[in-house]
Amino acid sequence: MWNDYLQLMKSEWMVIIVIFILLFLKLGKKERNTESLLHFINVLLFINLASGFIYHRDGSLFGDMFHSNSLLAFEKNVLSLGTLIISMQSFHWLKNHKHILEFYILLLSTLLGMFFMLSSNNLLMFYLGLELSTIPLAALANFDLEKRVSSEAAMKLILSSAFSSGLLLFGISMLYGSTGTLNYLELSQQLTGTPLQILSFVMFAAGFGFKISAVPFHLWTADVYEGSPVAVTSYLSVISKGAILFVFVSVLYQVFHHMALAWYNLIFIISVLTMTIGNLFALRQQNMKRFLAFSSISQVGFILIGITGQSAAGSASVIYFVLIYVFSNLGAFGVVSLVSALTGKETVNDYKGFYKNNRVLSWVLAISLFSLAGIPPTAGFFGKFFLLLAGAGTTHQSGGQINYLLIVIAALNMVISLYYYLRIIRAMFMDSTEQPIEKIKSSFSPNLSFIICIAGILITGIASGAYNYIYSLVK
Amino acid sequence: MNLNLLLLIPILTATAVLFCKGLKQVRTVSFLGSALQLALSFILMYYYWQERTAGNNAAFLFEDNFTWFAPLHINYHIGVDGISIAMILLTSFVVFAGILVSWKMEQLSKEFFFLLLFLSVGAYGFFISLDLFTLFFFLELAVIPKFLLIGIWGSGKKEYSAMKLALMLMGGSALVFVGLAGLFFNTNTGDGSHTFDILQIAQMHIPVAVQKLFFPFVFIGFGIFGALFPFHTWVPDGHSSAPTAASMFLAGISMKLGGYGCLRVATYLMPDAAQQYSTIIIVLSCIAILYGAFATMMQTDLKYINAYSSVSHCGFVLLGIGMLTRTAITGAVMQMVSHGLMTALFFACIGMIYDRTHTRQMSQLGGLLKIMPFVSTVFVIAGLCSLGLPGFSGFVAEVTVFMGSWEHKEAFYKISTIIACASIVVTAVYILRAVGKAIMGPLAKTEYGLLKDAAWNERVAAGLLIIGIVAIGVAPFWLNQLVGPGAESIMNNISNAAVIK
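Which chain is which? The protein sequence lines are E and U, in order.
Heads up: the first sequence begins at 0 in numbering that gives the first Met the number 0, then just goes up one per residue.
Heads up: the second sequence begins at 0 in numbering that gives the first Met the number 0, then just goes up one per residue.
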């Protein structure tokens, strides 16, 4: 019995332990060497990540409310890895911050919420995890304490996530009303696609749409991303989105399986809108964080394509893409974060002539952007290719048709998106300016995170092991 | 012979370049790597001949097949036939010459040579792929290095040209992608799963309606790479803004990716559609040939002259492909090789002139023959090859295309052949005028008198390319025999398709 609680909830326990260690540290001595404290926390996060790879077990707890299997363990590992990378990248920003421990306690609480959300096998559990993962995020968005934009971002985030949670809860209650159960398996057997159930699905999708900032629920994204500290922005755009997408995939395929014909067109339209509008807005952004925000909106559009695909290939390609997205987006955010922390410069024009003094950082940013744009040999190419193959292929929800329209629209969008990614490359490598950014003195933690990101980008694609492994888990 | 070596050597060379210090080490390593690759291409051809004379009649030799992404039926499948070998030889010639020409590239030399070698990896990989995914992977691999090469080391409105080139080529590959996906979903390997394998798809008969739908995507997509009218507009800007070696690579290798793709993917895999669309292809390529030639007449910048004439010359490649006879297709491949060598030589020469005089305007040049006899002679040779003088490769290739197109009986084909032939007169006008103004005549400026002739590296590069041109021009049979069986198998596919229908 106790063994079950320990082993199945292993990742959750690890995060809780780390949170408690940090809490005790907070209660202890006032003055600390911040650098060694940050290194210590990174080591803790690394241990958390490493522990995710051992002692898997499948099973369920709490009367089937909570379940665990190797796919979920893998997804949790991806999120832990992303958190570790973000933590290493925000070294320079946190070094001079007064509230390091609070930052990490809040951050890990959201991670814990995501873990519960992933492992949920019941909509109640899911909602609990979701709320645990969103409320601390608003506090985190406010973590540039002396900046007013940061508070504004936090306000916008909390309002929009409260609204979307409301929608989601409304959808859940209608589902409960029409079926009398909240368990995933029982729900999937009872859902037949009555109008009430379809309405509840629409609410559900709207709630999810807010969280992953799909068009037309994307309006909060740019302001929140711009105002929040870079570490929080990258956390929002990668980890938080990734977790929601993981859940969305499994909920769609498990719970709403029999309503596939109903949601196929909805998701298809949302995905086309999301990538097109995200792309068009990204074209003219001047602030790097806003730019990455809109580019991440269009990336979500691509991910939604994969979700429309048939179950095994579709979810494998989505999970694979999120893994790649962790590496590539964090590579890009890492450079932006470092530059922003050390020089305070955040616009595209500031990056003119960046290559002159910062060769390595320029290449890190360039390779990450190539991966986001889907250029080989980076992993992004493989990720996008597989998403499109999965999305366009014949499925029962598309009525046995191959969706060529989707391929054409997505291919066009890839060309549009290339333009704005190349605009950054052009600013860094080709444009010259009087005063390019000086040589940036990075330290060990950010450098290590860049190595991880670049290695991830270059290896997870060409070496097919990652995709094949994910596919075997999904199947 | 293991074809992976063809990829391994440039990759290793490029990696080694990253660890070098200073221009001298970088260029030595790149030089050795590309020399090794050149030797390897000859060895490959030698082994290929041995296999063929020993009676091995398989369509593709030295195949290698790994499962790459098993759930999606994606394989890493490589192999060569005569056409691929011709293109590989061309690539290794141009890469070798390009590296020699960039011998004094002081600015960011490490990055420059790395990108050149990286680009060549894309080209080699593309020419040996037998799987559509692998092929597409290498096709896109070769786009971004061009963007960086033009944007960082280029001249003139380099950022604009680089962006235009990258976006148009990516647009092309997006179209190719749509076509490949369309092909993929309409294949059936027997157990209901799909395949990207070119050899397997060639054996299947893709439904004619599907072919008609996706042929334009693939052909226009590759056509953008190969300067298909009206999608050729990246060619003049891209070539004229690029640094010398990048211009050579662009015209010599990169545009050939398009021609090869049209042949290997569009025509080979969708034979019915190729026949149905052949009139449109022929009309477009005739327009490209004539339009390119007349546009060249109006140019005053030497690089623009060569860039527009490339549009015209690549029109012959597409014309040969559109004609769909064995001879015409052989001619198209020969024209690809010939144009690749010739235009690389031309750009190398223009680069040498520009390095010394700092101008490419014809009006400011003149009398170069007196002070730079070697460079000027090479320029004249490249020009004569371009206008199709017998004894050089251009003549052989163009005549083969014309002979192949004349095999058709209908008036339409005859007329279009005559129109294409007529462009040679225009070619002669602009080439002879360029030679007359820039090379002959009195010295344009007195300070040109102090300029030096070609250095050893430039001599070797030009000499090598000239050897290639003359070897094809004087003894075309070896190239013909090399390419012939490949063209034959494409034609067989087309006639089989006609029988099935």
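Treat the hints as calculated values from the structure; they're not laboratory data.
Be aware that a few hints might be false.
In silico lysine to any residue, SDA-like type, Cα no more than 20 Å apart, as pairs [to be verified]:
| # | chain 1 | residue 1 | chain 2 | residue 2 |
| --- | --- | --- | --- | --- |
| 1 | U | 20 | E | 356 |
| 2 | U | 163 | E | 426 |
| 3 | U | 156 | E | 352 |
| 4 | U | 163 | E | 415 |
| 5 | U | 109 | E | 356 |
| 6 | E | 355 | U | 193 |
| 7 | U | 20 | E | 359 |
| 8 | E | 9 | E | 55 |
| 9 | U | 109 | E | 443 |
| 10 | U | 163 | E | 283 |
| 11 | E | 474 | E | 162 |
| 12 | U | 109 | U | 14 |
| 13 | U | 211 | E | 446 |
| 14 | E | 355 | U | 70 |
| 15 | U | 436 | U | 447 |
| 16 | E | 474 | U | 278 |
| 17 | E | 29 | E | 45 |
| 18 | E | 474 | U | 447 |
| 19 | E | 474 | U | 109 |
| 20 | E | 355 | E | 446 |
| 21 | U | 211 | E | 282 |
Consistency of the hints with the structure:
1. Only pairs whose Cα atoms come within 20 Å are accepted, and residue 20 of chain U paired with residue 356 of chain E is accepted, the gap being roughly 18 Å.
2. Restraint check: the Cα-Cα separation between residue 163 of chain U and residue 426 of chain E comes to about 16 Å, which is no more than 20 Å; the hinted pair holds.
3. Using a Cα cut-off of 20 Å, the hinted pair residue 156 of chain U and residue 352 of chain E holds, with the two alpha carbons roughly 17 Å apart.
4. A hinted pair counts as satisfied when its Cα atoms are at most 20 Å apart, and residue 163 of chain U with residue 415 of chain E qualifies at roughly 12 Å.
5. A threshold of 20 Å between alpha carbons decides the hint, and for residue 109 of chain U with residue 356 of chain E the separation of about 16 Å falls inside it, so the pair holds.
6. Distance restraint check for residue 355 of chain E and residue 193 of chain U: the Cα-Cα separation of roughly 48 Å exceeds the 20 Å cut-off, and the hinted pair is therefore not satisfied.
7. Note on residue 20 of chain U and residue 359 of chain E: the hinted pairing holds, with a Cα-Cα distance of about 16 Å set against a maximum of 20 Å.
8. Distance hint between residue 9 of chain E and residue 55 of chain E is fulfilled; the C-alpha atoms sit about 9 Å from each other, no more than 20 Å.
9. Restraint check for residue 109 of chain U and residue 443 of chain E: not satisfied, since their Cα atoms lie roughly 26 Å apart, outside the 20 Å limit.
10. Proximity of residue 163 of chain U to residue 283 of chain E is assessed by CA-CA distance (about 18 Å); at most 20 Å being required, the pair is judged to hold.
11. With a CA separation close to 35 Å, the supplied pair residue 474 of chain E and residue 162 of chain E exceeds the 20 Å bound.
12. Distance restraint check for residue 109 of chain U and residue 14 of chain U: the Cα-Cα separation of roughly 11 Å lies within the 20 Å cut-off, and the hinted pair is therefore satisfied.
13. Restraint check for residue 211 of chain U and residue 446 of chain E: the C-alpha separation of about 52 Å exceeds 20 Å, so the hint is violated.
14. The straight-line distance between the Cα atoms of residue 355 of chain E and residue 70 of chain U is roughly 44 Å, outside the 20 Å bound, and the hint therefore fails.
15. Among the hinted pairs, residue 436 of chain U with residue 447 of chain U is consistent with the structure: their alpha-carbon atoms are about 15 Å apart, no more than 20 Å.
16. In summary, the hint linking residue 474 of chain E to residue 278 of chain U is not supported, as the alpha carbons are separated by about 48 Å, beyond the 20 Å threshold.
17. Of the pairs offered as hints, the one joining residue 29 of chain E and residue 45 of chain E is violated, with about 25 Å between alpha carbons and a cut-off of 20 Å exceeded.
18. Taking the CA atoms of residue 474 of chain E and residue 447 of chain U, the gap is near 73 Å; set against the 20 Å cutoff, the hint is violated.
19. Between residue 474 of chain E and residue 109 of chain U, the direct Cα distance comes to roughly 46 Å. Violation of the 20 Å bound is thereby established for this hinted pair.
20. Only pairs whose Cα atoms come within 20 Å are accepted, and residue 355 of chain E paired with residue 446 of chain E is accepted, the gap being roughly 19 Å.
21. The suggested pairing of residue 211 of chain U with residue 282 of chain E is violated, with an alpha-carbon distance near 35 Å, which exceeds 20 Å.
Of the hints listed earlier, those the structure fails to meet are numbers 6, 9, 11, 13, 14, 16, 17, 18, 19 and 21, in rising order.
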